[in-house]
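On the provided structure of chain E, position chain R as indicated by the hints.
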Amino acid sequence: MEKNSYLDMELLRFSTAGSVDDGKSTLIGRLLYDSKSIFADQYDAIEESSKRKGEEKVNLALLTDGLRAEREQGITIDVAYRYFATPKRKFIIADTPGHIQYTRNMVTGSSTSNLSIILVDARNGLVEQTCRHTFIASLLGIPHVVFCINKMDLVDYSEEVFYKIKKDLEAFCSKLEVKDIQFVPISALNGDNVVNKSDNMPWYQGSTLMYLLENIHIGSDYNHIDCRFPVQYVVRPQSDEHHDYRGYAGRIAGGVFKPGDDVIVLPSGFSSKIKTIDTYTGSLDEAFAPMSVTITLTDDIDISRGDMIVRENNQPHVNQDLDAMVCWFNPRNLVLNGKYAIKHTSNDVRCVVKEVKYKININTLHRIEDDKTVKMNDIARISIRTTKPLYYDKYSRNRTTGSLIIIDEATNETVGAGMIIE
Amino acid sequence: MKSYNLTHLQELESEAIYVLREVAAQFENPALLFSGGKDSIIVAHMARKAFWPARIPFPLVHVDTGHNFPETIEFRDKFVKELGATLVVGSVQKSIDEGKVVEEKGYNASRNALQTVTLLYTIENNKFDCAIGGARRDEEKARAKERFFSHRDEFGQWDPKNQRPELWNIFNGRKHIGEHFRVFPISNWTEMDVWQYILHEKIEIPSIYLSHERDVFIRDGVIMSVTDFIQQRDTEPTKKMIVRFRTIGDATCTGAVESDANTVEKIIEEVAAARTTERGTRSDDKRSEAAMEDRKKQGYF
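Taken in sequence, the protein lines are chains E and R. The numbering of the first sequence is numbering that gives the first Met the number 0, which starts it at 0 and goes up by one. The numbering of the second sequence is numbering that gives the first Met the number 0, which starts it at 0 and goes up by one.
Hints listed in this document are in silico derivations from the structure and should not be mistaken for laboratory results. Among the clues, some could well be false.
To be verified - So, partial list: chain E residues that the calculated Cβ filter (under 7 Å) puts toward chain R:
#1 I91
#2 T107
#3 V234
#4 S291
#5 S402
Note that CB positions come from ideal geometry on N, CA and C, so glycine has one too.
Okay, chain E solo, but in the shape it has when bound (with noise of 0.2 Å):
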């Protein structure tokens, strides 16, 4: 690595998901392996297992299973994050499985994910789990898709295979909301095309696979047009030195502010100026998503956490009435009329469920009227009333404060994602 070269390096971070024996786990084995990313002890360790399990080759996929349940039964039942960096970027990967019951884990995974590799194997083409890995990817707003025909090899690295896999999946994907999308023949097995281009497909004058993660740009995928700054914090030293000092801490979710930016808090309505933003670098001329900062305003007025600082000529919904997609995680079904608490931003809030729409069948995209019994890993358009008004964009504005979670208030685990729509 050259020097200082980490000053210019980016974050990306992607997600992955196959079919159970599409080969995830061999191509992030082999995305770790090929950029060097793999230490000698950890491949020393899976060498070992590999020998120990009678298999010929060292199994590149035994580097992503960390629990002792998933070596055993050779499947991912929990998304494993790993980390890689070339000179260009560090890259976040969020492993999640592929097989239906763990759907909840492909939706936790895809959530802060920038791009997401869809893995097709070559023989069998678009099958269920590839559309609904798609639907996935599409409902959480993944703004970069790549589709990664695998098992190459297995097909002769037929050209004819490939673009008949690529035609059906731009057909269904015509059906989505998906922005960019990218096709890339490959075998993880064998390497081609994921680091290394390959010679065994002529044809293919494309992108490998590590191009596309090292040059997508990612630079508008937060949005840096509508201002939002919901407060997570208020700091207040009370120290003699800062005797008055009053700030606002929290993540910018969305916009471009400014020292003398005009301000509007919400739920209040009180408009004010903003005095500076600071760190504890100093202050700031501009800070934007997702930068961690605290604002200061030129008005004393009373703000506290769950508050959203916001322009004055771009506000968010203010509602208290609301439909959302969810995403159900538990094994006790969604309750009609039931109340649970909900998460949104900085704030907390009760819910009362209204009323499920429908819920969508994942496979096909068809619309289910006759059934709204929400089960876990269902995906359903649901109606919500909140016990005070959230300030929200449309998700697919901003997943920040279009995002939501629904917790059981007995349990207080986590029980649903929700995406708002309106």
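This is chain R only, laid out in the frame that chain E set:
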């Protein structure tokens, strides 16, 4: 045209500060576990940034095995004083004296496992409802599945198969009485990120991270420091080597590496070229393939 992009270190810092503020807002009596190692140092450093100009609104807690490198304790006391924070010490020696744990015997005796008991007592006695730690997901495969907000039951146990889903940056810290949380603000950092951050922020670190001459002996291929706490076998002669430590834990289970990296810049070069993970020098992880997972389930950090 200005681009509104953060570097990876800025984004990681922003995320960690967000998590620390979330702890202060969601818990009544949190504490920051401070070992004097580089990871807890940067967490404490970012806590200072998160609440500035106010002081860090929670105490630092050190679980002291009594088997420390003297440099670490010296550093700890100086660091805490500069920070203006309160320090709470949980003593493993005291747990042994009180008969709560029994000391391991023999050549490979270590107080590492006993720390769990002392940690849980310290949490209970001080009624801490959240313990912030510097664990990172890249350290070990069981840690790769850890949440930022990790729930612990009334026995301090971790249930890896029944973790709360964690979405976006919304953290659910709700709990019943007697339960607590472990929170890991630098979950997404790697060893390299930590060193780059230390360099960039000019953060002071204990001297044993930097190369120095030391009396050591070799056990199972690991370079161990000569201390009063470890019994050396006759076949393990003392020799002088130029070494440094990649992690700082209990002196009985933390190995050194041969190195002439005597500045943070050189450490970064060394880490970039390293062929083993930093926990490769930790004998506590080598006891079995699931050693960390088993300890974590019981409440280890």
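Tested hints:
1. I91: This hint holds: I91 (chain E) lies near chain R, its Cβ roughly 6 Å from the closest one there, short of 7 Å.
2. T107: holds (5 Å)
3. V234: holds (5 Å)
4. S291: holds (4 Å)
5. S402: holds (5 Å)
In summary, the structure agrees with every hint in the numbered list given earlier.
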